[in-house]
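Trainee: Line by line, the protein sequences give chains A and B. In this text, residue positions in the first sequence follow numbering that gives the first Met the number 0: the first is 0, and each later residue adds one. In this text, residue positions in the second sequence follow numbering that gives the first Met the number 0: the first is 0, and each later residue adds one.
FYI, nobody ran anything at the bench for these hints, they're computed from the structure. Being a predicted model, the structure only gives us computed values, none of them experimental. Honestly, I wouldn't trust all of these hints.
[What the hints assert, rightly or not] Only part of the chain A face toward chain B is listed, based on derived beta-carbon distances under 7 Å:
no. : residue
1   : 24
2   : 53
3   : 293
Each residue gets a CB set at the ideal place from its N, CA and C atoms; glycine is no exception.
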Amino acid sequence: MLSLTLTGLKLKNPLLLAAGVMGTTGSSLKRIADNGAAAVVTKSLGVEPKTGHANPSMVEVDCGYLNAMGLPNPSYKNFQQEIDIAQDSGVPVIASIFGGCALDFLEIAGTLDADAFELNVSCPHAHGFGADIGTDPALVEDITAAVKTATDAPVWVKLTPNVTDIKIIGLAAQRGGADAVVAINTVRGMAIDIESGYPVLGNRFGGLSGRAIKPAAIKCVYDLYDALDIPVIGVGGISDWKDAVEFIMAGALAVEIGSAVGNNINIFKYISKDMEAFLAEKEWTFNEIYGMAHKI
Amino acid sequence: MKPVNAVITKVVEETPTVRTFFFDTSFKPEPGQFVMAWIRGVDEIPMALSYNNAITVQKVGTATSALFKLGEGDSIGIRGPSGNGFELKGDHILLIAGGVGAAPLSPLAEKASSQGIKVTTLLGAKTKEELVFRERFEAAGSVMIATDDGSEGIHGYVTQLIPEQESYDRIYCCGPEIMMKKVLDKVEPGKAQFSLHRYIKCGIGICGACCVDGLRVCKDGPVFGGEVLKNSEFGVYRRNECGERVRV
Ligand SMILES: Cc1cc2nc3c(=O)[nH]c(=O)nc-3n(C[C@H](O)[C@H](O)[C@H](O)COP(=O)(O)OP(=O)(O)OC[C@H]3O[C@@H](n4cnc5c(N)ncnc54)[C@H](O)[C@@H]3O)c2cc1C
Ligand SMILES: Cc1cc2nc3c(=O)[nH]c(=O)nc-3n(C[C@H](O)[C@H](O)[C@H](O)COP(=O)(O)O)c2cc1C
Ligand code: FES
């Protein structure tokens with residue numbers, strides 16, 4: 000009832016694991032897939048191993064979380080074995096990748112064997128990577144086009160909300176040949192320890208995720224659905240089935256779930272079951288609710 | 000939660016390399032639970048609660064050295080307690096502690112003895128001076144000692160003290176991974192629980208940096224049953240801060 004095809008990938012439901020959550024090891028990705036996710040996205044992988052920022056790297060704040068992990072990853076060179084383990088689950092495994100220039104992206108996408116690539120041009124707190132690139136439409140278009148020449152696998156571009164108009168970046172990705180866009184990455188944020196005046200995160204600032212960012216993400220998805228011809232994958236603050244339905248009505252063909260996995264490792268199973276029950280009760284199909292908010 | 004401010008009220012030198020830091024703030028931990036201790040401007044690191052209001056720290060690197068510079072009146076940030084803790088069961092339990100692994104086991108020994116459970120502790124360290132919480136374990140039951148240099152107890156490893164015939168209902172173990180692996184290989188896995196050490200990044204079960212075979216040390220653990228660890232990554236490899244595999 001919830002199955003669909005997303006950029007050529009067959010999915011049993013529209014619920015995917017978001018990048019950077021339970022995504023550093025093959026067996027953790029497999030655990031999430033075995034617990035109901037229709038596809039899983041890896042931690043963002045770069046050219047060289049990276050330790051990330053000093054701790055604290057993630058704290059809970061009102062209605063969400065702040066994180067500045069700093070893209071810790073073992074490099075794509077050490078990651079094929081993890082992807083292979085994750086693929087044992089039978090679901091598509093999407094490699095999230097990042098780099099400082101088009102050549103980095105090209106090297107990684109040209110070497111790794113994955114079911115799709117998600118280009119992280121949107122991390123808000125890794126200097127010289129991520130959002131430093133993803134706020135520049137020309138760079139986003141170039142990098143997307145470069146990756147498209149390196150792989151036959153579908154290419155998704157993950158967008159940052161930390162821009163004036165996310166549609167401009169989405170259109171650049173589409174011009175570069177992206178098969179889908181993913182929106183949104185975290186929203187820039189900061190917390191200060193009032194006992195001492197120290198910023199709480201080791202990196203001083205970071206990105207906000209979880210419940211707090213859902214309305215911002217819904218608006219981005221809504222705008223991108225209008226502006227683009229390629230599918231939009233929604234992410235940001237989903238913690239129950241109602242949130243997932245809301246994203247789909249805004250125009251997301253599928254959604255990714257990140258922070259909420261921490262307290263509910265079975266969230267994918269529950270959301271797909273409850274979404275099915277909701278559609279049955281309303282006598283709606285998935286296609287009817289997809290982009291519904293635009294049609295009424 | 001954001002870190003709470005914990006003021007250091009007392010520092011006790013347990014051994015030449017291990018100190019206990021007492022706070023003005025008390026927690027209600029299960030023995031085996033840990034906190035994230037934030038040494039502001041330096042790092043945030045996981046530490047077991049050795050008392051309701053204290054952590055017991057071995058000086059090994061940057062953050063622990065910075066902590067050793069702090070004294071009464073200074074403060075750190077604390078998040079937690081986190082993780083699952085040990086599951087106390089049975090009439091006669093065996094504790095196996097290596098080095099600062101005594102930190103999470105000492106409150107377990109005290110909880111057990113207060114409930115009338117018989118406690119036997121095998122305590123190991125490099126030297127006699129490095130034995131941690133010997134008196135606390137002795138107050139809770141009987142203690143056998145092993146030191147690497149033979150300065151106290153048997154000359155050798157704590158694993159050599161494990162009796163061939165198992166007469167214990169449950170076994171609880173914390174120490175260096177190689178030592179814990181030897182224990183796992185020697186005892187009935189279903190009877191034993193182990194407190195694991197992995198690199199902790201987020202500390203709240205989201206990032207996945209601390210995973211052992213997909214299980215999160217910071218959230219599903221740090222305590223795992225022997226049957227879960229048998230034939231797993233445990234004792235074979237861990238991961239560094241980048242997530243690269245490193246042989247144990
Ligand atoms: C659940 C848990 C409970 C622990 N309880 C205690 C305890 O009660 N007493 C005690 O002395 N030690 C305990 N440790 C180990 C302690 O966290 C490390 O010794 C400490 O983080 C070292 O920090 P450092 O900056 O001084 O060392 P570094 O110079 O950073 O490195 C030395 C070693 O410490 C490890 N380390 C560094 N940062 C972390 C981190 N964020 N998470 C895990 N390991 C890290 C490194 O992997 C390295 O092997 C515990 C670890 C875990 C996972
Ligand atoms: C701990 C953590 C690590 C993350 N790492 C990455 C990453 O490596 N690459 C990436 O594109 N997004 C990363 N993200 C962003 C998420 O994929 C997601 O876009 C964001 O958290 C919003 O979704 P959520 O509210 O469901 O968490 C990370 C988020 C968190 C919380
Ligand atoms: S340290 Fe992030 S999940 Fe355990």
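Trainee: If a hint holds in the structure, say so; if it does not, say that too.
Mentor: Hints, one by one, checked against the model:
1. Checking residue 24 of chain A against chain B by beta carbon gives a least distance of about 5 Å; that is within 7 Å, so the hint holds.
2. For residue 53 of chain A, the shortest C-beta to C-beta distance to chain B is roughly 5 Å, which falls under 7 Å, so the interface hint holds.
3. Using the Cβ-Cβ criterion of 7 Å, the hint placing residue 293 of chain A at the interface with chain B is not satisfied: the shortest such distance is roughly 33 Å.
Hint 3 from the list above is the single one not met by this structure.
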